[in-house]
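Work out the full structure: start from the sequences and follow the hints.
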Amino acid sequence: MNRRFFLKNTLSVSILSSLAIDGWLKCCILRPNEGRDVRSLVLVQLEGGNDGLSTVIPLDQYANLTKARKNIIIPDKKALPLHDSSVTGLHPALGEIQKLYNNKQLTILQGVGCPNPDLSHFKAIDIWHTAYDLPSTIPTGWVGRFLEQESMERSADSGHPMAVQVGPSLSKALLGSSSSGMIVRNTDFFYDLIPGNYDPAPKTKAGDQLSFLRRTIEESKGYLLKVKEAAMRQKNLSKMYPAGNALADQLKIVAQLIGGGLQTKVYVVNIKGFDTHDDQVDISDTTQGPHADLLSQVSRAIGAFEDDLALMGKEDMVLGMVYSEFGRRIKSNASWGCDHGTSAPVLLFGSKLKGGLVGHNPIIADKVEVNDNLPMQIDFRSVYASILKDWLGVSKPAIESSLMSTYPTLDLFNS
Amino acid sequence: MDQISRSGFFRVVANKAQAEKEPGFKTTVEAGAPEYTGIAPYGGTWGQEQVLHLLRRSLFGVTQEDYRYFSKLTLQQSLDVLLSDLSIPEPPINAYNDSMYQDPDVPFGETWVNCLVNETDANQKRLNSLYAWWVGLMLDPQRSIARKMTLFWHNHMACELQSTYDARPSYSYLALILKYALGNFKTLISELTICPAMLEYLSGNESKAEAPNENYSREMQELFTVGKGPDSHYTQEDINAAARVLTGWTTTLNGMKTIYNAAVHDSGDKHFSAFYNNTVIRGRTGKESAEETKELIDMIFATKEVAKHTCRCLYRWFVDSSLDSTIEVTVIDPLAEILIESKFEIKPVLRALLGGRHFYDPVFVGCQIKNPVDYTLGFCRTFDAIGHTSDLALQYKAWHSIVDLLSKQSMCPGEPPNVAGWPAYYLSPGYDKLWINSDSIVQRDSAMDTLLSEQGLDSSTKIKFDVLTFTAGLSDPKDPDVLIADSITMLSAAPFGPVHTRFLRNILGSGSDRSWTDLWTAHIASPDDQQTKDSVTLLLNTFYNYIVKREECHLI
Chain A
1 MNRRFFLKNT
11 LSVSILSSLA
21 IDGWLKCCIL
31 RPNEGRDVRS
41 LVLVQLEGGN
51 DGLSTVIPLD
61 QYANLTKARK
71 NIIIPDKKAL
81 PLHDSSVTGL
91 HPALGEIQKL
101 YNNKQLTILQ
111 GVGCPNPDLS
121 HFKAIDIWHT
131 AYDLPSTIPT
141 GWVGRFLEQE
151 SMERSADSGH
161 PMAVQVGPSL
171 SKALLGSSSS
181 GMIVRNTDFF
191 YDLIPGNYDP
201 APKTKAGDQL
211 SFLRRTIEES
221 KGYLLKVKEA
231 AMRQKNLSKM
241 YPAGNALADQ
251 LKIVAQLIGG
261 GLQTKVYVVN
271 IKGFDTHDDQ
281 VDISDTTQGP
291 HADLLSQVSR
301 AIGAFEDDLA
311 LMGKEDMVLG
321 MVYSEFGRRI
331 KSNASWGCDH
341 GTSAPVLLFG
351 SKLKGGLVGH
361 NPIIADKVEV
371 NDNLPMQIDF
381 RSVYASILKD
391 WLGVSKPAIE
401 SSLMSTYPTL
411 DLFNS
Chain B
1 MDQISRSGFF
11 RVVANKAQAE
21 KEPGFKTTVE
31 AGAPEYTGIA
41 PYGGTWGQEQ
51 VLHLLRRSLF
61 GVTQEDYRYF
71 SKLTLQQSLD
81 VLLSDLSIPE
91 PPINAYNDSM
101 YQDPDVPFGE
111 TWVNCLVNET
121 DANQKRLNSL
131 YAWWVGLMLD
141 PQRSIARKMT
151 LFWHNHMACE
161 LQSTYDARPS
171 YSYLALILKY
181 ALGNFKTLIS
191 ELTICPAMLE
201 YLSGNESKAE
211 APNENYSREM
221 QELFTVGKGP
231 DSHYTQEDIN
241 AAARVLTGWT
251 TTLNGMKTIY
261 NAAVHDSGDK
271 HFSAFYNNTV
281 IRGRTGKESA
291 EETKELIDMI
301 FATKEVAKHT
311 CRCLYRWFVD
321 SSLDSTIEVT
331 VIDPLAEILI
341 ESKFEIKPVL
351 RALLGGRHFY
361 DPVFVGCQIK
371 NPVDYTLGFC
381 RTFDAIGHTS
391 DLALQYKAWH
401 SIVDLLSKQS
411 MCPGEPPNVA
421 GWPAYYLSPG
431 YDKLWINSDS
441 IVQRDSAMDT
451 LLSEQGLDSS
461 TKIKFDVLTF
471 TAGLSDPKDP
481 DVLIADSITM
491 LSAAPFGPVH
501 TRFLRNILGS
511 GSDRSWTDLW
521 TAHIASPDDQ
531 QTKDSVTLLL
541 NTFYNYIVKR
551 EECHLI
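In order, the protein sequence lines correspond to chains A and B. Mapping of the first sequence onto my numbering: position 246 corresponds to residue 246, and the numbering continues sequentially without gaps. Mapping of the second sequence onto my numbering: position 544 corresponds to residue 544, and the numbering continues sequentially without gaps.
I should point out that these hints are in silico values taken from the structure, not numbers from a laboratory. Fair warning: this is a prediction, and the values are worked out from it, not measured in the lab. Glycine included, C-beta positions come from ideal geometry on N, C-alpha and C. Just so you know, not all the hints are guaranteed correct.
Dumping the calculated DSS-like pairs for lysine-lysine here, alpha-carbon to alpha-carbon at most 27 Å [claimed, not checked]:
no.	chain 1	residue 1	chain 2	residue 2
1	A	Lys352	A	Lys265
2	A	Lys221	B	Lys408
3	B	Lys294	B	Lys343
4	A	Lys272	B	Lys179
5	B	Lys347	B	Lys304
6	B	Lys294	B	Lys179
7	A	Lys123	B	Lys304
8	B	Lys343	B	Lys304
9	B	Lys228	A	Lys272
10	A	Lys272	B	Lys347
11	B	Lys228	A	Lys123
12	B	Lys208	A	Lys67
13	B	Lys179	B	Lys304
14	A	Lys367	B	Lys208
15	A	Lys396	A	Lys265
16	A	Lys221	A	Lys70
17	A	Lys221	A	Lys123
18	A	Lys221	A	Lys239
19	A	Lys70	B	Lys179
20	A	Lys228	B	Lys408
21	A	Lys235	B	Lys408
22	A	Lys78	A	Lys272
23	A	Lys104	A	Lys265
24	A	Lys389	A	Lys352
Residues from chain B that face chain A, not an exhaustive set, calculated with beta carbons under 7 Å [to be verified]:
no.	residue
25	Glu160
26	Glu214
27	Asp231
28	Gln236
29	Gly366
30	Ser410
31	Cys412
32	Val442
33	Ser446
34	Ala494
35	His554
Below, the structure written as structure tokens:
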């Protein structure tokens, strides 16, 4: 940890402490935040393959795009404008995202993908999680690897979970060679796991499973305590969280834990339903329909999350990344949907970003064939590299361990 | 200490090179590799360990009655029983009409599966009825592997029932995998391809010649049939071509019935890649064009990959998640041959797998982590917490309470996370370890607390573990050491070590303390004495609570 980083953290703690939020301060005095604030990364996964061309709309390609996907295209007049671009607009359901962008708290990375894309959901997800895009797979994830390398470099264990997933099962991204993240599904119900004494596990397959179970239970006990403490220290402060929005429910937990001082570096949340092969849009109005509903949920959830973090004084400490396993095909199908594609925009949100657009609109040909896909502009591992180096301040060996190769970084953050 | 001498449990690694390192789920020991290779009929010891292993993997938990029945049979006789077809169950019913809610189209006690939905809340009520009904079926497997195979097929050819917008096609999907649980896989795929739920779920119903929809075509090849094994080389063009073949299949407006609309069928020739022997499916028009789908399925099933992929999935489900190159050659290949020779009848493959040497290698006993259905329904069955009642409303309510427990543990049958099923069956390297995390372990413990509480699962159904009947059925329950040994045998696939055994012994009274023996004897002498009964129940609840929450009891 460098000095600049340390000072910044200290500063933000003191700002926080001066906020007289009823109850919070009392909690803080009773149970002082054990450590410093840590910068964290929140991964927002849009499951199923989000249609990038309807999310960030290349207005200067509109004529050709209309030919390729007349039945689902968003009318250009309805696209939400960006303060610094006349050729790129946002899906009309992304109102909160537009606000963040125009406030320079959101960066749009165009054409993010990989050199060897795969149109299978499951392989594509694996590529994003492992940072490895060859036909075989590898057993660990990019987050798990850097966290593990970092923990080897640190002498003391904070006792806090290094990564938290809010959802039913653990993302492979969090998998290290001997560790993984923990799962938190709610902060209302805590349960005391019985302390365990046991005989040593035998050296068999079953014994290996026993060891795994015991290790998980032991770790969980410690982590759940830290999570509980953080949850007790902080309530959500934003009134913007929409009801009935599964992503907002998850981000609420993340905000609460960050606000409560959990020193977790990476959080993972997800929202499913983006596999819009059919009925992506309403036939009578393409700005409406399932895809619009999903984007609206994402936009409103992130808007509320950022509001919450700002009210907690934590907005400078959090970076979000919204991504999907792939974008969708340029040419739509006849079912008012589109099939699996390749590269697509990635959205980053956070107050320390420079904001703006990185990369250019994809070029849409005059005649698009069924299997035509968008070329990659930015390797997704360049995005990871930039976040690791410039946001999380991860050591060089940890970055190498995470990405297994060197990727150019992007200039994303204000110094 | 008979428990501890179970041979495979303590057998140390034979071949360290084969022991798989499992990153993220790091092994603290070099796990043992199987020594029993191949699928030649198993001819070794046929004792308690083997019988229980077979039953745990084939049913959901093992009841004392199951064990008594099967322990008298040989392996081949056991397989005859386990592989018997079950009759088609009566469909789910309206057990949900009450003072708060009335489905205007279905009277109480009658099935809703053929009734229109004219009321907005009806569909959710019916879906809940469907989940509950299915759990009810799994709680009563009738000594057949069929119900477990239905769950296997559901995971293998997953459909999220909620996503079809109507519980009736969802019921039809489920009825299909119940019907073909032990039937012909190729027939099952043929019917599944055009069943209304799947046409809705994977977009087939909206696919048209002008720009065919690839959804079903891709998932059918990638997940349901040829898979993505090392020798599976279908191409994007194969996905395009199969999608074109499948155009025309759609549903009636209400989504209930399949119809074939030749007007939207792509009548051009479809060219497939070398993986499919450069097959050309000749494009046709009119009614006759529906025949192209049959040719498509014939073409796909002519590859060896269908059989291999299916057998790998069966292996991961029934045996073990790690599948190395030796097992590929000695188990998967010969099983795939059997599947092909039997023209995709599933019973011969199951018989070979569950009757073969490999399955009985001691390393596989307790080598998997139970999925939530095995964990929860298994103990519900073993302790008879099924809620036998002739009151239909209560019965469905009881089943539904169990559905809730399963949902909290992230495995609600009927609602897999996506079309690939539950990640524990495909996501390497974790596989079944993915069931266990800081949340799920809490949910499992908490479920056991509820089922072993005075009140039970909920106030009206009072579903709870019947600890008295279970205990009474053991060989000599008044002797604490025998009670401990018997309970562990029936409840856990892995033996308990001395630390756990001592703890259990202390619950019952340590050393020469005769208090347990006296208490149990008093209870047997006057079973209607409420005070004694309450004391015994309380003690046994604590006793079994300790057992079922142990890590060993999460193994199967």
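Going through the hints against the structure:
1. A:Lys352 <-> A:Lys265: Holds, at roughly 16 Å.
2. A:Lys221 <-> B:Lys408: The hint holds at about 19 Å.
3. B:Lys294 <-> B:Lys343: holds, 15 Å
4. A:Lys272 <-> B:Lys179: Roughly 31 Å between the alpha carbons, so the hint for A:Lys272 and B:Lys179 is violated.
5. B:Lys347 <-> B:Lys304: holds, 18 Å
6. B:Lys294 <-> B:Lys179: holds, 20 Å
7. A:Lys123 <-> B:Lys304: holds, 22 Å
8. B:Lys343 <-> B:Lys304: Between B:Lys343 and B:Lys304 the Cα gap is close to 12 Å, so the pair holds against 27 Å.
9. B:Lys228 <-> A:Lys272: Holds, at roughly 23 Å.
10. A:Lys272 <-> B:Lys347: violated, 36 Å
11. B:Lys228 <-> A:Lys123: Within the cut-off at roughly 10 Å; holds.
12. B:Lys208 <-> A:Lys67: holds, 18 Å
13. B:Lys179 <-> B:Lys304: This hinted pair holds, its Cα atoms lying about 25 Å apart.
14. A:Lys367 <-> B:Lys208: holds, 20 Å
15. A:Lys396 <-> A:Lys265: holds, 17 Å
16. A:Lys221 <-> A:Lys70: violated, 54 Å
17. A:Lys221 <-> A:Lys123: violated, 33 Å
18. A:Lys221 <-> A:Lys239: violated, 32 Å
19. A:Lys70 <-> B:Lys179: Judged against 27 Å, a Cα distance of about 43 Å means the pair is violated.
20. A:Lys228 <-> B:Lys408: holds, 19 Å
21. A:Lys235 <-> B:Lys408: holds, 24 Å
22. A:Lys78 <-> A:Lys272: holds, 25 Å
23. A:Lys104 <-> A:Lys265: holds, 23 Å
24. A:Lys389 <-> A:Lys352: The hint holds at about 14 Å.
25. Glu160: Violated, because the Cβ-Cβ distance from B:Glu160 to chain A comes to roughly 10 Å (cut-off 7 Å).
26. Glu214: holds, 4 Å
27. Asp231: Since chain A brings no Cβ nearer than about 13 Å to B:Asp231, farther than 7 Å, the hint is violated.
28. Gln236: Given a least distance of 6 Å, the restraint on B:Gln236 holds.
29. Gly366: Check passed: Cβ of B:Gly366 comes within 4 Å of chain A, closer than 7 Å.
30. Ser410: holds, 4 Å
31. Cys412: violated, 10 Å
32. Val442: With a minimum Cβ separation of about 5 Å from chain A (threshold 7 Å), the hint on B:Val442 holds.
33. Ser446: Because about 6 Å separates B:Ser446 from the closest Cβ in chain A, which is inside the 7 Å limit, the hint holds.
34. Ala494: holds, 5 Å
35. His554: holds, 6 Å
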